[in-house]
Amino acid sequence: MVNSTKQEAPLTLDVFTTGIWKENPVFVMMLGLCPVLAVTNSVENSLAMGLASVFVLVCSNALVSALRNFIPKQVRITTYIIIIATFVTLVDYIIQAISLDLYNKLGAFIQLIVVNCLILGRAEAYASKNSFSKSVISALGMGLGFTLALVMLGGVRELLGAGQLMGYQIFGTNFQPWIIMILPPGGFIVLGSWLLLINYIGQRRTGKLIAEDLRSHCSVNNH
Amino acid sequence: MNPESLSFIFLNAFLINNFVLALFLGLCPFVGVSAKRDTAFNMALATAFVMFVSSTCSYAINQILIKFDLEFLRLISYIALIASSVQLVEMILKKFSPVLFRALGIFLPLITTNCAILGVALFQTSRGYDFLQSVSFSLGGGAGFGLAIVLMAGLREKLELSNLPNITQAAALSMMLAGILSLTFMGFAGLGTTA
Amino acid sequence: MSDSPENKPNELPPLPTSFSLISTLGVVAMISGFLVVLVYQYTQPMIAENQRLATERAIFKVLPTASSRLTFTLNEGTVELANDNTKGELLYAGYDKDNNFVGMALNAAEQGYQDIVKLLYGYNPSTSCITGYDVLKSTETPGFGTKITTDVAFLANFNCLDAKVNQEQTRLINVIKTVRHGTKNNPWEIDAISGSTITSNAVGRMFNKSGHKLHPVIAKNLTFLRSAKQTKEITHGQLD
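Chains as they are written, first to last, in numbering that gives the first Met the number 0: chain A, 0 to 222; chain B, 0 to 194; chain C, 0 to 239.
None of these hints come from the bench; they were simulated from the model.
Among the hints, a few may not be true.
Each computed EDC-like pair below joins lysine to aspartate or glutamate, with the alpha-carbon atoms no more than 20 Å apart [to be verified]:
id, chain 1, residue 1, chain 2, residue 2
1, C, K228, C, D97
2, C, K219, C, E88
3, A, K104, C, D97
4, C, K136, A, E43
5, C, K136, B, E3
6, C, K86, B, D68
7, C, K86, B, E70
8, C, K176, C, D133
9, C, K212, B, E70
10, C, K208, B, E3
11, C, K136, A, D100
12, C, K183, C, D150
13, C, K60, A, D100
14, C, K117, A, D100
15, C, K208, C, D95
16, C, K60, C, D150
17, B, K66, C, D83
18, C, K86, B, D129
Whole structure, please, built from the sequences with the hints as guidance.
The following block contains the structure:
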């Protein structure tokens, strides 16, 4: 749901920053969780996945926005899916050409970017209604927000699960890694913990009594 | 057990590498449609059905693509195939079983963007399964998705009656629950490997 | 369309003709096809090169004395020259600088603890030894199942794991199997890693399966494999 005042508003910094934090696709909108959990067992993988998603998001939204006046309403979803699938195929080949190791680590999840609800969602809700430049900027913001969330998850999981960050030993050799963190349950638990923390901060900020918290938090989210 | 046998492929997709809890496929409906057990069950049925149909179709289309050396069109054809097979299933249900259509109808459009469906098609291709193996894999995947979502719905129904801190709002709590479920499913690892 | 009532009535365009629908889809499909083919053509040689490097890295790791290799495939009990794109089971033979045969690198796979473990292993037909392996794919638990690449005592099993083929060249003489940690008595047994028994077992089973299937074929075709590189050099020389 894009609110109507925003559509007519000129290009501001807000278009870019909204996606990074206020409407963060992962922490606030809970979109595209599949790759968020599946590939975030290290910062490197998270970053690669995030950048691949940014590429697909920006390119597909740019094309959708450029073609928005030519696409009949009846076939728009089909068209969007074809456009997204095209860019995902491109990124799939590009990553294979850059590094086969990375490609093997990310596995089928590169191709699964196609069904990331975030990308189709932005194409339908934003790019199909806004100018080219705004769509690109907004997609960039959303994509970076998505990458940020991935890296936040990957950082915690790699740090606790392997005692490393980007492959550099942080905790020294005596550290006994919490292996569970880089296994599937760790993904759920770390994302759950981040959400708890964000909810907690949100509540602190509203400064309301606990009894009123639920209501006030909901209204903050709906802005 | 032979890792390529049909029963093992089923077991592997169903429990050991559960689609939702180990491979993280189909999380959107897993979080979104798991508040009530009945709806969760209907969603699971619809997903399993579409998974089966699109898995067999994508097996066929992959054979055609390989025959004509057009593998680079694989992803685009799969996603188009899934979107149209969902529509087809919807129309067939509407015509022949209005009862089932009323139960599953609202979930069908959602299923198009369910990663689990595309996941089945992609994994069966990358693992080089033959036709029967693909069928077994898709059935196992569907059953595994159903099991996970129904378990989750059961837990969430129970939790509705308990007194929880306010910060554990829907999604955060679901993730924690999923983490615990995923932990328990790790116990299935090693199944079928004779000592 | 279900969502049309949500839009303002003046935004609703008149129903487009099917020609415009089809032509839109056609144009989008053409753009998409053009982009995909362009990038596919451009990246294909790079991807093939990456794959070749990855394969060779693994082969030269399990056959450290090799400096070149040839790819073969199975065909009804005989081996024949192939390339990396050939469908089906591939076997690699390693040759040193003077084109002398040093051993085979073979693929093996088996269900491990979490999922399938895939290895490439070195086999020396002259000594009938399995001499080491490289893990190609594994999702085993870090710190437990992954010990098969790091555990020194376990790797010592593969200094020379006996995989002798019987007189009739139909199967291995002994069944290769993994035994409990500390109970290895014979050169064809693998001493398991305690704490990673299931993965250790998987390694044993995959060597046994692959050995029974491939080693007799290699034994039968050994003369051809030994001379394949030199023969190929000579024919190439004539062609040039």
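Please flag the earlier hints that this structure goes against, numbers listed from lowest up. Those not satisfied are hints 3, 9 and 15.
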